Each structure stands twice: as C-alpha cells, then as structure tokens.
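Student: Build out the structure end to end from the sequences listed, making use of the hints.
Number of protein chains: 2
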Amino acid sequence: MLFLSKFPFKTQKTSQKVSDNKSTSVLLQAWFIRQTMAWVYTYTTLWLKVLKKIEQIVREEMNNYWAFETLMPSLSPREVWEKTGRWNSIDVMFHVPAANNKEYALNSTHEEIITPLLWEFIKSYKDLPVCVYQIQNKFRNEKRAKSWLLRWREFIMKDAYSFHADNEEFVQYYEWMKEIYMNVFTRLWLEKDIYITQADWWTFTEKYSHEFQIKLDIWEDVIFLDPKSKECFNKEVTPCIIPNPNISDDKLLERQDIEAIWIIWVNALTKAFWVPAEKSTKTMMFIADDRFIVASVRWDYDINTLKLQKILWAKNIVLATPEIVMQKTWAEIWYAWIYNLPDNTELFIDDSAKWLTNFETWTNKTWYHSINVNFGRDLPIPEKFYDFKEAKEWDRNPKTWEVYEVFKASEVGNIFPLETKFSSAFNVTFLDENNTTKIPLMWCYGIWVSRLMWVIAEYFLDEIWIAWPEQVSPFTHYFVIIWEENIDKWINLSNILNTNSDDIIIDDRINVWFGQKMSDAELIWVPNIIIISPKTLEKWWYEIKKRWSKENELVIFNF
Amino acid sequence: MLFLSKFPFKTQKTSQKVSDNKSTSVLLQAWFIRQTMAWVYTYTTLWLKVLKKIEQIVREEMNNYWAFETLMPSLSPREVWEKTGRWNSIDVMFHVPAANNKEYALNSTHEEIITPLLWEFIKSYKDLPVCVYQIQNKFRNEKRAKSWLLRWREFIMKDAYSFHADNEEFVQYYEWMKEIYMNVFTRLWLEKDIYITQADWWTFTEKYSHEFQIKLDIWEDVIFLDPKSKECFNKEVTPCIIPNPNISDDKLLERQDIEAIWIIWVNALTKAFWVPAEKSTKTMMFIADDRFIVASVRWDYDINTLKLQKILWAKNIVLATPEIVMQKTWAEIWYAWIYNLPDNTELFIDDSAKWLTNFETWTNKTWYHSINVNFGRDLPIPEKFYDFKEAKEWDRNPKTWEVYEVFKASEVGNIFPLETKFSSAFNVTFLDENNTTKIPLMWCYGIWVSRLMWVIAEYFLDEIWIAWPEQVSPFTHYFVIIWEENIDKWINLSNILNTNSDDIIIDDRINVWFGQKMSDAELIWVPNIIIISPKTLEKWWYEIKKRWSKENELVIFNF
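Residue numbers (my numbering), protein chains in the order written: chain A, 1 to 559; chain B, 1 to 559.
Quick caveat, the hints were computed from the structure, so don't treat them as lab data.
Please read all numbers here as calculations on a predicted model, not as lab measurements.
Treat the hints with care, since some could be wrong.
Given that identical chains are not distinguished, each listed pair holds provided it fits within a single copy or across any two copies.
Unchecked claim - Capping the alpha-carbon separation at 16 Å, the derived lysine to aspartate or glutamate pairs in EDC-like fashion look like this:
| # | residue 1 | residue 2 |
| --- | --- | --- |
| 1 | 384 | 257 |
| 2 | 251 | 103 |
| 3 | 126 | 508 |
| 4 | 408 | 168 |
| 5 | 102 | 142 |
| 6 | 192 | 179 |
| 7 | 13 | 120 |
| 8 | 49 | 553 |
| 9 | 22 | 127 |
| 10 | 438 | 168 |
| 11 | 6 | 169 |
| 12 | 399 | 462 |
| 13 | 392 | 402 |
| 14 | 10 | 127 |
| 15 | 215 | 226 |
| 16 | 6 | 127 |
| 17 | 143 | 103 |
| 18 | 354 | 300 |
| 19 | 192 | 378 |
Tutor: Put into structure tokens, the structure is as follows:
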C-alpha cells in the first residue's frame, strides 16, 4: 500500500507542456517521470510500477516457451567486440576509458557476450535449440534525437538469443516466438494495431528481419501494408510498382540534342516543373564495392540505396565523386545521365522508368541535354528493369498489384536473422547426428520494454488521461479516504478486496479536499476508485467507481 | 516451472577451482555464474533467481517504512557532479566520452541525481521526512581488486536517500532504518552475525557512519567489538588504549646523546629488536592543511592517519617531505624525532607513549640519537595525550576498559550522514513552522545487494554445497522424474503442492540416471526434492526429501 500522505512525488496542478506531446505532459503532471538529461529519464514510483508489470508480462510469456532468463553486464571488454569487428562499426556504442589503460564497451547489444557464454554449453545437436534472454539496460551514444520519445541514450530492452541446428528447426521456433510476442502485445491491449513488418537487417542475406510495429502518431517508421495479402513492409525495403504504369506515347518523336548553356541552373532547379515526371529520369552514380554503377528512376521517385545495394549484392555503396564520374562517363557530373554513356557502363534502370517515351536526359556532354530520347532507339532496352525506388503512397505491391495502405508506426519488437556471423566469430560448433561439426544458426529477438511504456501512454491517451490497460496500470485500487481517522477500517477493507496490497494507493492526505483526491485518482488513472466517507461508512458501504466499465457501485461490506 | 531437458546451463562433473574460494567453485559448477571480464559477471538463470528474491525482500522491507522506490539512470551529465566538486574527486567513477563533445558519468552513486530531483518536491517542513530508494546497477572503475569477491566494476545496490527537517526527526527515522536492515538480514538468516559498526565517512563531522558488517572469512574489514557494551568499530576508527598501560621504570636514568654513525642503518632496520617497544617511539611528520605536525606513537603501534586527521580537524593530511622536515626541525629526516624539537613545533603524542620512561629517540641532530629520554625532564609532559594509534588485537575500549574481540568481516549495508553537503549544492531548502528557510539534512543508506548473494553463498557453504536460506534458494521444489512419460501426473502434483510454479524445477531429462539427477538437485540445493518413480507411482506415493529438516517422507497423493 502506498500512503499518499508520505509520498514525495506530488501531482502538479497544471501540466508541463513538453514539445507537443500530450502523453508526456500527463506523465510529468502525474509525477511518473523526470528527465535527468536529454533522452535519459528517472522513473519515479508510478512509472517504475508500470515498468515492472510490463517486464513481468514479457518474462512470463518468454518462460512459457523455454526461454531462460539471464542477466548480462552493461560493461564488456573491448576484445570481444574486436573479434566480430564491431568495436568501431557500431557507431552508437559508448567506449569507456578504464583503469590500467583498458577500454570497455557500454553495451548497446549483447551478441558478443552471450555467444562466448553459450559456447560452453552447445556441444551437440541435442543441446539445440536453445534460447536465453534478459531484461536489461542498453546504452546508445545518440548524436541526434530521431524521435525523442523513442530513441534514448539509456533504455530497457528484452533481448533474446537463440541457437539452432538448422533452418527448419528455427522456422518452428520462430512461430513460437511470434506467438510469444503477440501474447505480450495482447496482454498489453495493443494487439489490434500491431503489424509484423519485413525490414532490413543484414546485407548478405535475402532474409528480412521482422519488426513488430504499432500504428501510432509518435513514429519513426513508415509502413506499407498490402490490404489483401496482409504483407507488411518497412518503407526502407518495400517492393513496389508505380500506380499507373502503362502510359506511353503512341508515336516516337525525333531526338534532339540541345546545347543549353542558358538553362543549366534554371533547369536543375525547375526541371520538376516544366518536364512532366513521365518524361524524365532521375539518375545517380555509385561506387558499389569496386563497381561503378549508374542507376536511374523516373523523376518523381527517389532511389532507395538499400534496395539497390541488395540488388547489387554489395557490401558498401557510396555516391561516386565528380572525379570518378568524369573518368567513367567522360562528362562533368551535371551532364552525366543515362543517354550516350560509354559502352561498358553498368546501367540499372528502375521499373518506374520502363514506360518512358520521348523523355528528357542530360547527354553526357558538357552543356548538352537531349529530349525525345527513347529506349530501343537512342539507348538499348535494358535486359531487366529493377525495383530500387523508394516506395510512395499509391504504389502497388508487385506480387498482388494491390495499392498499399501507408501509415506511421513505431517499432516495439524485432526479430533478426544473425546467421552464423557470431557463432563463427566465437567458434561455436556442435556435432550433428552424423558426428559432423557444424556451426549453429543464431537469431536474436528484441522487445523495447521502456519504449513500450511510452507507446502505451500515447496509445491509451484520451482527451485528458492515460487510460492504462488493466494489467499495467500502476495501481489497481485507489482509496479516497474522507474520514481519515479510521485507518483500521480501510486496512480491513483492503483485505476484503483480496487485492495485492502493493497495488493499492491510500489517499490519506489530511487537508486535501475530496475533489483534489478524486482528480488525482483520475489523473494517475487507477482503474478502481474506492470512496470511503462518513456517509458511506454510516451505512456500512463503500462506493466503487470502475473506470473501464464506467460503473459506479455502492457495496455493502462488513468491517 | 523450469524444465531441465531444455535448460542450457548444465552442471559440470567437477568444480572449477577458482582461487581458493570454495563457494565460487560451487557456483561455477552448479551453473549459477560466469565471468564476463575481471570483476564483471553474467548471472545465469539460477543466480538471477536468487538476486530477484533478495531484491524483493529488500523492497518489501523498505516499502513497509514509507520509503518509495524509484529508478534513476546509470548515466548522468558532468554538470551535476561539478556542482558538488565530485567530478574529479570520486576517483573510481567512469567518465564516458559522448557525442557532441559531451562527457557523462557512469554513476557510482546517486546523490547528484536524487537531490535535484527532490528539490522540486521539498518545499515545506510538511514534506519532510522523505525517503526514496532504488535497486540499481552501480559502476566503479576499480584499479585493483581489494577482495575480488566483493569489489566489482559493476554491481547492484539498494541505495536510499532521506531528507529531514532536523536531527531529532532523523534520529527517529534512523531507528526505523536499522529495523528495516535487521529485518532484511533476518529474512536472509544472517542476523546473528551482523554487527552494526561505527566507521568513517565525512571529515568535518564527529558523526560516524554505520556499517552493517557480517563476520565472514571473505572480508575486507577488521572489526573491533566491545563484548560488554556491544559497541562495534571498524578498525579505521577504533578508539583504543594499550592492553597493559601502567608499566614505567621506577628510576629515571641519565640521558645520553650518542653519536652513532656506525649504527644508523642497522638501527633503522633492527631497532624493533634491540630496543623494547616500551622504550621507544615511532614518529612521523605531516602537513595537515597548513600546519606542520609531529605525531608519535609507541614503537609497536602504527599511526592511524584518519584518526589523527579527525583530531586535527584537517581537510587534508599528507606526509611532510624531507625538505619541509629539515626546514621545520633543523634535522635531516632520519634524525627528526620528538626530542629536542624547536619550541614552536606542534607535537601530538599518542597515549600508547604516555607511560614511556628511559626511552630512546633520535635527537633532531644529524648522526645523533638519545637514550634514557624522559617526559617532564628531557621534554615537557604533553598537556594531553591523544588516541591516533591503529587498533591492534588485545587493545581495550577506552570507555569500558574491555578488551576488544577482533574479527574479519564484510560490509553488507551502510548508513552515511551527508549533512547538508548535497542539499546546499543543489539549493534544496524548505520553510519550517516559523516560515524560516532552512536546508534539509540528508542521509543515505546502502545495501550491497549483489554482494549479499556472494556473502550468502560463502556463509551457508557447508562441506560440499551452498545450503541456501529458505527465502532465497533459487527454487523451492525439485522434481526428480524417473518415469518421464507421465508428464500430466507431475504437472498435476505441482498443482497439489500449491507452490509458485516459478519455484519448481522439473528434471525431465531423458538418458540421465537417477543418481545424476539427485546429485544435481543437491548441488543446486533445492530445499525440497520430490522423487517420482514407477515404484512410488504404483502406490500413489511420492517421496519428499526435506533438506533443512533432513526428513524423508513418503506422501500419498491422488493424481
């Protein structure tokens, strides 16, 4: 029981407006949180209770499917990160200088800790599958806030790691894990807006990672949902075709190469306005590993370098410098485009440009651009058109031709295929049924535990309050005590209610009037408000106000 | 229920010997822990269960006395530590370089975070006392292991902070806190070896801090207990008098100043042997703030600089350099001693030297030492003898003249008077009953939660096993299943037992023989081992082996 008369974190009369985010303002007003520094928070008592309840739900669901809880440290030695090459490649990881000329990682993830630990236990196919998890603090040295409510420098995650003998075994396990996740989100009353979304992870695989995204106005992702197949993609990997593709001119006009000194800058700036999108292209040149690549989409699309990179099967992709462009196309960068390229140039055309006729392009010749250019006449019809455009609203799913639904969302969970990257680095092997040495496949699974609290706050925000889902409301019962002398009576009542006493707030404040107590109970949003006054006590009654069902009852009870 | 057939962390046949510490070897063998790096551990499932149970005990006891749980972050901004001057003075605090040229503290303690947070809530004497706590990770950039089991780079503490209007209010609160602490230790079955010990904290106060020390062989402290008054001191602050003080010669001999070139080094090395302790002194010279101090104890004692510093009321105390000694005593450092000092020298004599007669000292003159020196003849009788010697076995308590009991111990909790140091730094003030602005007094209270796990392991280690106290054993029931096909039967049994299912291990391993299962159950030390075999099932029985009472029972049950 929390006695409000002793409680330091008092509600405020008016909310502190923080950015435009209403739920945060409520959390501040209702004493749930305080900021310690940018993107680092102190959880006061009420927020911590929400956290513990979410943690417990996650824990119960994980344990149900034979995942075993551990607790790994926040610090780890530099050496393990050097083994996987991630000491420098994880740019958000804090490096902590330590005594004796050491340097530690302040972990942003734990593959490098769990893998060598499980090395000791994985010897045979009989030891697989195995899954361990933890609910633990993570640290990220963020430079900029992406979405200030969601990206913190310090936050709590559930991170799980599983090892498998082969892919078939994993596929079965994966179905369990999806069940675990959906169970968690169901208990949090979020399930109807959760979308399992394909997203990027690992360049050298065609597998997607899966993100559990919740449709929400505090967002960092844009989701494309096929309403028919229910396939769901993060914008960064959404396959797409343009809404109305088959528009081509009937008649091919004569090509003109125009010296256009006077329009170069005007053109660069206003091209989008005086050439219709379906008469022009957008072209960019890249170095993908060692290859020089020219890539082009229709003018009104953007190039999605991640999709392009996957097509090219490239480890790295960067924009080509003006010097390289000059050397490869014989043109200054402003004039380097898709027409008139040297013969050996690797040219990739997105399918948004497939139906272009009589279109405009620069000429790969200083000061010149060309109009009425056509595939099959002025430049060869590409053997294949690709899909590396950034998906837009009204685009369709190439598999079903359905127009995507597009919405904003926030990631609350994820599943990543780690393949053998970490098992190999730490020499984890096992003997299969034929006594052959093999490397186990590894997956990892995250749930953004502390982010979930903010998501829930935002998701269940009504006009005034955060109406907490039953299972995570910080307290279940709020006793508004008006006749404060009868402590024994309400202690007795709490026993009668058969409620976990940790879940009861007793508002025993003296000199605080009834209306203030009720409004605090409403602000904190405790689902059951119990009012005990001389009037109700007279009749051996208490009054209970049930907030979810919106019922008020007068209940007779026997002290 | 934990199903052992799926569990990755398998017991080992033989223990890994780690240093000479038996309990750690058992913990490793029984799969409780693994080291991630020096003094940084991963807790596997069993250890984590012990941790959570201890945490819950601490939490319940704290909540009982109106302390409110919060969760503060591990990172904090440099600025708050600069406000209290502790950014550089806490030498074990990690400083973490961060993006945008920032630097964060990786907190080793949280006064600098909680004080500005509570500033917002403490306005009036009516808001006091207030106490908040957290159970949270702490980080220390330790250079050397003091006691490798106890000093970690990363560990979990319960740290509480209270604010009070005045000292009287605190004194009452302090009694509650002692009760909380003793309740915790009682529930952990440790109470009979817990000693509330006075220790050092804060130079500018005569108040001691209190440490809760447990008598134990993995130790970092030496404790002096007055068996009569039950007063208990950490060696670093133990007041003491020598065991047999009143031994003086009846007759004072004539003083001799001897030029002793030939014995200087021999003397320095062997003095202890050829001059009896009660005929000689040990002298050291210090700079205490701005003062030059000569301090002397009887030869067989050491100077406790902490005790001396408190006598001198000095902020800093360091050994004087040879140059300063020469300048102040006119003697080279080897010959600078207590006899023949310049008149204005501040000389402090410990009471161990009070009864010296005909004693030896260097003469403050190069090559010379003197024998048969006497107070009151060769140098004045000091106005006061002090107590700044380091306590030794057989020493007595000056208040009671009782000989101390001396034992090794390990700190499991502490209480520190913080006075107004932090309240002042962050401008926390309140209005008292007369509307006068005052600064609240602050205390802090620690329980070494993760250390407690090691302490318990060591404390309850018998010849072979760690016999966990009932409330913290990782599991309460271990089902040794021999007839593994009847899963339903033992699931049903677990219901009949009315035990929290999280507290049951089911050893459903196939191809593991009975003896191995029993020995694992004994190694993990689960208090109730339940054996279910075809033989017992035939008679509708199960067998229960109760480890604390050492009873075996056959119980009839109805599936």
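Student: Decide, hint by hint, whether the structure agrees.
Tutor: Hints versus structure:
When the C-alpha separation of residue 384 and residue 257 is checked against a cutoff of 16 Å, the pair qualifies neither within a copy, at 26 Å, nor between copies, at 108 Å. When the C-alpha separation of residue 251 and residue 103 is checked against a cutoff of 16 Å, the pair qualifies neither within a copy, at 69 Å, nor between copies, at 66 Å. Within a single copy, residue 126 and residue 508 get their C-alpha atoms only as close as 59 Å, which misses the 16 Å cut-off; across copies the closest is 14 Å, which meets it. Taking the shortest Cα distances, residue 408 and residue 168 never come within 16 Å of each other, neither inside one copy (34 Å) nor across copies (58 Å).
Taking the shortest alpha-carbon separations for residue 102 and residue 142, only the inter-copy value of 11 Å comes in at or below 16 Å, while the best intra-copy value is 23 Å. Taking the closest pair of Cα atoms, residue 192 and residue 179 come within 16 Å of each other only inside a single copy of the chain (14 Å); across copies the shortest separation is 49 Å, beyond that limit. In this assembly of identical chains, the alpha carbons of residue 13 and residue 120 lie at most 16 Å apart only when taken from different copies (14 Å versus 57 Å within one copy). Within a single copy, residue 49 and residue 553 get their C-alpha atoms no closer than 27 Å, and across copies no closer than 42 Å, so neither meets the 16 Å cut-off.
In the homo-oligomer, the alpha carbons of residue 22 and residue 127 never lie at most 16 Å apart, since the shortest distance is 49 Å inside one protomer and 29 Å across protomers. Taking the closest pair of Cα atoms, residue 438 and residue 168 come within 16 Å of each other only inside a single copy of the chain (15 Å); across copies the shortest separation is 70 Å, beyond that limit. In this assembly of identical chains, residue 6 and residue 169 lie within 16 Å of each other by CA distance solely across copies; the values are 14 Å between and 55 Å within a copy. For the homomeric pair residue 399 and residue 462, neither the shortest alpha-carbon distance inside one copy (39 Å) nor that between copies (68 Å) is at most 16 Å.
Proximity of residue 392 and residue 402 under a CA criterion of 16 Å is satisfied intra-copy only: 13 Å inside one chain copy versus 87 Å between copies. For the identical chains of this complex, residue 10 and residue 127 are inter-copy neighbours only, at 10 Å across copies versus 52 Å inside a copy, given an alpha-carbon limit of 16 Å. Taking identical chains as interchangeable, the C-alpha atoms of residue 215 and residue 226 lie at most 16 Å apart only when both belong to the same chain, with a minimum of 15 Å there against 68 Å between chains. Taking the shortest alpha-carbon separations for residue 6 and residue 127, only the inter-copy value of 8 Å comes in at or below 16 Å, while the best intra-copy value is 52 Å.
In the homo-oligomer, the alpha carbons of residue 143 and residue 103 lie at most 16 Å apart only across protomers (13 Å), although the nearest pairing inside one protomer, at 21 Å, exceeds that limit. In this assembly of identical chains, the alpha carbons of residue 354 and residue 300 lie at most 16 Å apart only when taken from the same copy (14 Å versus 97 Å across copies). Neither within a single protomer nor between protomers do residue 192 and residue 378 lie at most 16 Å apart by alpha-carbon distance, with minima of 52 Å and 95 Å respectively.
When each numbered hint is compared with the structure, violations occur for hints 1, 2, 4, 8, 9, 12 and 19.
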